[in-house]
Amino acid sequence: MEKLVSIFLFGKKYEVPENLTIMTAMEYAGYQLVRGCGCRNGFCGACATIYRIKGDKELKACLACQTKVEDNMYIATLPFFPLVKEGYDIENIPVNESVMMQLYPEIYACIGCNACTKSCTQGLNVMQYIAYAQRGDFEKCAEESFDCVMCGVCSSRCPAGISHPQVAMLARRINGKYLAPGCGHLEDRVKEIENGDFKELIEALMQKPVEEMKELYNTREIEK
Amino acid sequence: MYSENFQKSIAAVEAAREKNITLEPERMTAKQKEDLLASFHPDYKQDEFDVLKIGPNKGEKVPTELAEILQAHSRITKDSVSLENPDYETDVLIIGGGGAGTAAAIEAHEARADVMIVTKLRMGDANTMMAEGGIQAADKPNDSPAIHFVDAFGGGHFAAKRELLSKLVCDAPEAILWLSNLGVEFDKEADGTMVTTHGGGTSRKRMHAAKDYSGAEIMRTLRDEVLNRNIPVVDFTSAIELILDENGNAAGAVLMNMETKELLVAKAKTVIIATGGAGRMHYQGFPTSNHYGATADGLVLGYRAGAKLLYAETLQYHPTGAAYPEQIFGALVTEKVRSIGAKLVNAKGEVFMHPLETRDVAAASIIRECSERGNGVDTGNGKGVWLDTPMIEKIGGEGTIMRRIPAMWRMFEKYGIDIRKEPILVYPTLHYQNGGLDIDANCMTTNIENLFVAGEAVGGIHGKNRLMGNSLLDIIVFGRSAGKNAAAKAKDVKVGKLTLSHIEKFEKEIVDAGIVTDMTSPKLLPDYTRQK
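Chains S and C, in that order, are what the protein sequence lines are.
For the record, in the first sequence the residue sitting at position 40 is 40 according to this note's numbering, with numbers rising by one throughout.
For the record, in the second sequence the residue sitting at position 155 is 155 according to this note's numbering, with numbers rising by one throughout.
Okay, chain S solo, but in the shape it has when bound (with noise of 0.2 Å):
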C-alpha cells in the first residue's frame, strides 16, 4: 500500500500518495484541471503554485507539475496573475535603458528586497536581472533571466509593482534582434535561394523515381 499524506488544496484537506506531484496530486483528489495545467514539464509556467508547510512561516513558490507533496502542505494554485504587458513596435524602439524608463518605469522602484528572487519557481536571480534591465544592459539581462517561463509568482510578491516577466521578454528580443552578431553565413543563404540558385537541383529531387531517391539517401555522405 502507498503511504499517503495530507495536503490541503485550497485550505481542504485530502489525503494523497506521497509520490504525487502537486498537480497529480490535484487529480487524484478529483479537480480536471482547465486552469493552471499546461505544459505538464516545467516549460510553460501555467501552475505557478503558492504553498506553506504547517508549522512553517515561510511562503514558498513552486511549478505544480515540477514539485512533489508534503505532508501538511497548504497549497493556493496562481493560474493567472494580471502581469503588465506593454505593447512596442520591436522594429522601431531605443536601444538603451530609455526603452525601458518608457516601458516599464516602475522598475526604478525596486526596493532592493529581493522577494523576486526568492519566490522565482526556476531559481533564477531576478533581482539581478531587473538590475541589469536598469542599467540598459539587455545582453546581461537576457542572459540572467532565460530560462523564466513566464510563471509571473515574482510579481506576484513584488512590492514595486514589476511585471519583472515581461521586462526580462523585452531585453531578450532587444537582444536577440539588435546586440547579437548578425549571422553572415544566414544572409548569403538567403540571397542564393532568393536567386534560384538551387532551383534545379531541387527540381531534380522532385522528379527522382522513389527507387533513386533510396540510393541517394543509403549513400550519401554524413558530416563528421
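Watch out, some of these pointers could steer you wrong.
Chain S side only, calculated, beta carbon under 10 Å to chain C, not exhaustive [unchecked claim]:
id, residue
1, Leu-9
2, Phe-10
3, Asn-19
4, Tyr-74
5, Cys-148
6, Arg-157
7, Pro-165
8, Ala-180
9, Glu-223
Treat the hints as calculated values from the structure; they're not laboratory data.
Where a beta carbon is used, it is the ideal one built from N, C-alpha and C, also for glycine.
Given chain S, work out where chain C should sit, using these hints.
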C-alpha cells in the same frame, strides 16, 4: 541519487564510459532498419489499429483511439446554436494559439487582414513551448536545401509529399532570419556564426538552438509579437465544429468557452486549423511528452467536415522520454543530449546502437533492448535504458551541460539526479503526430475550399517519420504561409449562408455504418482524475 537497485548497473555504465566515448557504433543498413521497425516499432502493431468505417478515409487504418474520436458524435447538433448573428466576424479565423497559429496570425496581420485566434487554453500552451532541441535550416556553406531534402525524405521513408517538403527546406533559412529579426536568441559564436549540431538522421550539422529552450524561446517571442500587434486572442475557448457555407466552403467555427461551456459562433472568410498534436490520446497506452491539450482536435474538426487525412496511422515515439523518476515519466529528454555526445547504453554498460539514428529506428531499438534482448533496466515502473549524460562533460568539457542543456539539468535536479555526474533512464514516449490533414503547397486542404492547416495538424510534410528539428521549422514555414495565403484568399471570398448540415450528415453516416458509441469529440482535454 539513485537507490541501491540501480547501483550495480550504474557501475557497469561508469566502468565502460571511457571506452564507450571513443566507440563509433556502426549505423544500421536499410535492411536492418526495416526489419527492426517491423518487429518493434509501435506503428507496426496491427492489433492496435482500427479500420475507419466512415468519412473521407473510409477503409484506412488509424490508431484505435483515433478511430474512436473520428467516428464519435458531435458535441452539438445543428440546432444547438443560431448561425444568424455570429459573436465574432473576421477575415481569418485561426484555431490554435501555438507556434503555427501565432506565426500565421502575425503574417495575416502583416497582410492587413482582420485576424483572430481562438485557443483552448492560453496562447502559447502548445507543443511548440516544449520543443527543446532545435530547428533545422540548411544555411551553412557545406549544406544546401537539396541535402536537407534528401535527409528528410529518406528519414520519412520516402513518403513525404515532395511539394510540401521542398517548401519546408527552401523556406527554412528565411524562417530562421525572420525569427532572428523578431528577436529570437539563437545560439551563436562570437562572430555571429550559428552553433549547429546533428540530429538523428541529419547528414549535416544544421540544428539551430536556443539552449534547450528552443521552442519556448520561439513561442514566447511569437506570443509577445501577437500581443504587440493587438491581434484579438480568445483564450480558454475551443473550436468544437467547423462551420461551412452553403457552397461547402469553410466559413467559421462553433466555439465553446472551456470554463462556462457557453457556445459561440465565429464567422470567417478563411479558417486556419493550427490545433497541434495528439500525445494526450496516449495511443497504445504510451506516456507522452506532449502538452495537456494535445488531443487531435483539428483532425476531428476537419474530418467531420469532410477533409481528408494523410498518414494518420503513423505516430512518432520519441526514443528518449524520461523513464525515471515516475513523476516525470514520459517527459521529453531532448535529442540534443545525444547530439552533443551522450550515447544510449544498456543495463550491462554496452552501447547498443548509433546514438543518431532516426527517431523511429532509435525508439524501436530501445524497445528491442528492453524486451527481446532483456537488456533493459528495471525502473520500478517499467523498463528503460541509460542515456549516459556524463559523457557530454567529458567530451565538451566541464560546464557544457549547464551551457547547452540547462533545462534537462533542472528537470532531473529537482529529483536529486545530477545529470552531469549520473546517467539518466529513458524509454520511448509518444511525441508527434506525423500524419494529419492533407494540404496542398498553399496550405489549403485538398478538398475543402478556404480551409487551411498548419503545424502538427498537417499530414504529409514529413512522410511517415519526422526528423528532429523539422517540426519547429514546419510550424514557422507553414504557419507563415497559411497566414499569408489565408489573408490573400479572404480578399476574394464571399461567404454564403452558414450551415452545420455536415454534422447531421456525419451523424447519419455513423448510424448507417452501424457504429454504436456514446463518445463525443473533439476530446479537448484528457481526464486524469482518479477513477474510483
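Hint check:
1. With a cut of 10 Å, the hint placing Leu-9(S) at the interface with chain C is violated, because the nearest CB-to-CB distance is about 13 Å.
2. Using the Cβ-Cβ criterion of 10 Å, the hint placing Phe-10(S) at the interface with chain C is not satisfied: the shortest such distance is roughly 17 Å.
3. The interface hint given for Asn-19(S) holds, since its Cβ lies 6 Å from the closest Cβ of chain C, which is under the 10 Å cut-off.
4. Because the closest C-beta pair between Tyr-74(S) and chain C is about 20 Å apart, greater than 10 Å, the hint is violated.
5. Evaluation of the Cys-148(S) hint against chain C yields a held restraint, the C-beta minimum of about 9 Å falling below 10 Å.
6. For Arg-157(S), the interface hint is violated, the least distance from its beta-carbon to any beta-carbon of chain C being 21 Å, above 10 Å.
7. At about 9 Å, the closest approach between the beta carbon of Pro-165(S) and any beta carbon in chain C falls short of 10 Å, and the interface hint on this residue holds.
8. Annotation: interface hint on Ala-180(S) holds; nearest CB of chain C at approximately 6 Å, less than 10 Å.
9. Checking Glu-223(S) against chain C: minimum C-beta separation of about 5 Å stays under 10 Å; hint holds.
In this structure, the earlier hints numbered 1, 2, 4 and 6 are contradicted, and the remaining ones agree with it.
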